[in-house]
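Protein chains in written order, with the working numbering: chain A, 5 to 200; chain B, 5 to 200; chain C, 5 to 200.
Since the hints were made in silico from the structure, they are not lab data. The structure displayed is predicted, hence computed values, not measured ones. You may find that some hints are simply not true.
One copy or two, it doesn't matter: identical chains are merged, so the pair holds either way.
Heads up, simulated DMTMM-like pairs for lysine to aspartate or glutamate below, C-alpha to C-alpha not over 25 Å straight-line [unchecked claim]:
1) Lys66 - Glu100
2) Lys66 - Asp97
3) Lys8 - Glu100
4) Lys8 - Glu172
5) Lys6 - Glu172
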Amino acid sequence: MKNKIRLDQYDQSHYSRGRSGMVVLLWWFVQGTLFRFSLHPMYSWRNMLLRLFGASIGRGVKVRPTARFTYPWKVAIGDHSWIGDHVELYSLDRIEIGEHCVISQQSYICTGTHNIRDPRFGLVTRPVRIGDGAWVASGAFVYPGVTIGPMAVVAARSTVIRNVPANEVHAGSPAQYLQDRFAPVNPSEPRKEVLV
Amino acid sequence: MKNKIRLDQYDQSHYSRGRSGMVVLLWWFVQGTLFRFSLHPMYSWRNMLLRLFGASIGRGVKVRPTARFTYPWKVAIGDHSWIGDHVELYSLDRIEIGEHCVISQQSYICTGTHNIRDPRFGLVTRPVRIGDGAWVASGAFVYPGVTIGPMAVVAARSTVIRNVPANEVHAGSPAQYLQDRFAPVNPSEPRKEVLV
Amino acid sequence: MKNKIRLDQYDQSHYSRGRSGMVVLLWWFVQGTLFRFSLHPMYSWRNMLLRLFGASIGRGVKVRPTARFTYPWKVAIGDHSWIGDHVELYSLDRIEIGEHCVISQQSYICTGTHNIRDPRFGLVTRPVRIGDGAWVASGAFVYPGVTIGPMAVVAARSTVIRNVPANEVHAGSPAQYLQDRFAPVNPSEPRKEVLV
Numbered sequence: 005m006k007n008k009i010r011l012d013q014y015d016q017s018h019y020s021r022g023r024s025g026m027v028v029l030l031w032w033f034v035q036g037t038l039f040r041f042s043l044h045p046m047y048s049w050r051n052m053l054l055r056l057f058g059a060s061i062g063r064g065v066k067v068r069p070t071a072r073f074t075y076p077w078k079v080a081i082g083d084h085s086w087i088g089d090h091v092e093l094y095s096l097d098r099i100e101i102g103e104h105c106v107i108s109q110q111s112y113i114c115t116g117t118h119n120i121r122d123p124r125f126g127l128v129t130r131p132v133r134i135g136d137g138a139w140v141a142s143g144a145f146v147y148p149g150v151t152i153g154p155m156a157v158v159a160a161r162s163t164v165i166r167n168v169p170a171n172e173v174h175a176g177s178p179a180q181y182l183q184d185r186f187a188p189v190n191p192s193e194p195r196k197e198v199l200v
Numbered sequence: 005m006k007n008k009i010r011l012d013q014y015d016q017s018h019y020s021r022g023r024s025g026m027v028v029l030l031w032w033f034v035q036g037t038l039f040r041f042s043l044h045p046m047y048s049w050r051n052m053l054l055r056l057f058g059a060s061i062g063r064g065v066k067v068r069p070t071a072r073f074t075y076p077w078k079v080a081i082g083d084h085s086w087i088g089d090h091v092e093l094y095s096l097d098r099i100e101i102g103e104h105c106v107i108s109q110q111s112y113i114c115t116g117t118h119n120i121r122d123p124r125f126g127l128v129t130r131p132v133r134i135g136d137g138a139w140v141a142s143g144a145f146v147y148p149g150v151t152i153g154p155m156a157v158v159a160a161r162s163t164v165i166r167n168v169p170a171n172e173v174h175a176g177s178p179a180q181y182l183q184d185r186f187a188p189v190n191p192s193e194p195r196k197e198v199l200v
Numbered sequence: 005m006k007n008k009i010r011l012d013q014y015d016q017s018h019y020s021r022g023r024s025g026m027v028v029l030l031w032w033f034v035q036g037t038l039f040r041f042s043l044h045p046m047y048s049w050r051n052m053l054l055r056l057f058g059a060s061i062g063r064g065v066k067v068r069p070t071a072r073f074t075y076p077w078k079v080a081i082g083d084h085s086w087i088g089d090h091v092e093l094y095s096l097d098r099i100e101i102g103e104h105c106v107i108s109q110q111s112y113i114c115t116g117t118h119n120i121r122d123p124r125f126g127l128v129t130r131p132v133r134i135g136d137g138a139w140v141a142s143g144a145f146v147y148p149g150v151t152i153g154p155m156a157v158v159a160a161r162s163t164v165i166r167n168v169p170a171n172e173v174h175a176g177s178p179a180q181y182l183q184d185r186f187a188p189v190n191p192s193e194p195r196k197e198v199l200v
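All chains, please: the whole structure from these sequences, using the hints.
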């Protein structure tokens with residue numbers, strides 16, 4: 005079968021990383037050293053480094069030292085939100101995280117994909133938005149273009165390929181509606197599994 | 005929409021890590037240095053370090069250097085069990101692993117979650133128990149409170165949200181019953197997929 | 005319940021790693037130093053190291069510094085293919101990747117499993133083959149023995165337990181047929197989700 009895909013013709017010159025290659029390399033160096041090897045409780049120090057590289061970081065934000073930001077200048081995080089260990093914010097496009105959000109350890113927020121019909125495998129980017137009070141639990145993967153509504157919950161290890169409406173809990177691969185976050189508990193009904 | 009979640013009021017003072025903050029930091033330092041950079045075959049050395057920090061570790065246990073233990077004093081591992089590379093034992097609560105168990109590389113055993121109805125996002129912990137002879141295959145994720153029975157098998161990359169009875173093979177996200185581990189093979193039936 | 009599994013009797017003496025233990029250790033050392041800490045754009049340097057340890061690496065191949073190869077002498081990669089960050093090629097058996105393939109970040113190609121009926125947990129290995137022009141998207145897991153056909157696509161975070169025919173897009177856990185990669189778009193039909 006003749007292969008139609010030509011990666012030697014790959015070209016993402018239409019895409020802008022938003023900073024010069026020098027700044028990108030400098031950030032990766034800083035992230036791998038000053039950021040990565042800062043002590044656990046030095047949240048202000050890491051917030052300062054992120055702001056220095058153009059991220060919008062609210063008050064009281066807690067980012068763990070092993071979290072990774074591809075391009076911090078494309079990331080905004082609201083007040084009192086937490087970014088856990090080994091989280092990857094793959095911010096080829098904008099990642100906007102509201103206030104009082106938790107992105108738990110090992111989650112992956114992905115804003116880049118490729119046009120699979122294109123022989124040259126063109127890069128496609130789509131922003132990800134996460135509303136106030138939402139929780140992306142441990143090990144979840146969020147697809148490019150997804151919006152997670154305010155106070156929504158994504159269960160641990162879910163794969164989120166569609167928008168999650170406000171106040172809903174979604175789980176699975178692909179993630180699907182499981183229950184409302186704040187629904188009154190009906191004691192006569194067996195309780196759904198809510199561990200996330 | 006008004007956000008109900010208030011992470012600035014988060015409080016886990018009801019929770020006990022089981023050791024002082026000084027011991028926790030010391031363990032993380034030891035884990036990131038003496039443990040992490042020990043040579044592959046130095047199993048006895050790593051077992052000694054784990055025991056020094058209160059883990060119960062049986063005879064012949066093999067823990068790889070990139071495995072991580074959040075609080076080793078909350079972990080028990082029986083004789084001749086193996087803990088693979090990049091396994092995370094997120095032991096906010098007890099993790100009890102029997103004898104002759106395999107926890108394969110990149111698996112995540114999770115004992116912590118949060119009360120999603122609570123505006124203050126209260127920490128909830130539940131122990132995980134894994135019976136003798138069980139196998140948690142590569143990249144699996146085990147939810148808080150789950151018990152995996154003796155000789156049960158969890159297929160690679162599964163998400164285990166419910167208990168797995170003894171001798172059963174479960175697979176998928178969420179993991180579901182696939183087959184019995186030791187069932188006699190019926191040659192007239194097409195063999196189910198058992199690669200795990 | 006009496007445990008049938010006896011890991012203290014585990015024996016993989018029938019298995020050959022293909023090189024002496026000394027070469028294996030040397031590779032792991034090189035991978036953890038010269039390979040791992042090379043600068044991002046030094047693709048030729050990493051290709052040279054892989055070839056030095058017996059890998060077959062085509063022209064224009066781009067392997068990121070955080071990719072891991074268990075035994076490079078069991079790996080072949082065709083011209084102009086890419087291996088992303090934190091990809092693991094767990095090459096206990098052969099891994100054959102064609103030309104113009106992309107194996108995106110955090111994917112795991114697994115060639116080893118165990119006989120779950122065997123009380124001694126015998127090691128079983130099966131090769132993985134990936135055809136020209138195929139794309140294994142971010143965070144996917146490919147089971148031992150799987151063949152991914154030319155130009156096939158595996159969506160991000162899928163678990164691939166069966167062969168994927170040429171030109172097909174598979175997604176989910178376990179991965180299932182989603183659509184044809186190059187099917188003509190019918191504008192009267194709602195477009196399926198193709199973000200991968």
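Going down the list of hints, with the structure as the test:
{"no.": "1", "hint": "Lys66 - Glu100", "result": "within (15 Å within a copy, 31 Å between copies)"}
{"no.": "2", "hint": "Lys66 - Asp97", "result": "both (22 Å within a copy, 23 Å between copies)"}
{"no.": "3", "hint": "Lys8 - Glu100", "result": "between (36 Å within a copy, 19 Å between copies)"}
{"no.": "4", "hint": "Lys8 - Glu172", "result": "between (42 Å within a copy, 14 Å between copies)"}
{"no.": "5", "hint": "Lys6 - Glu172", "result": "between (46 Å within a copy, 15 Å between copies)"}
Checked against the numbered hints given earlier, the structure satisfies every one of them.
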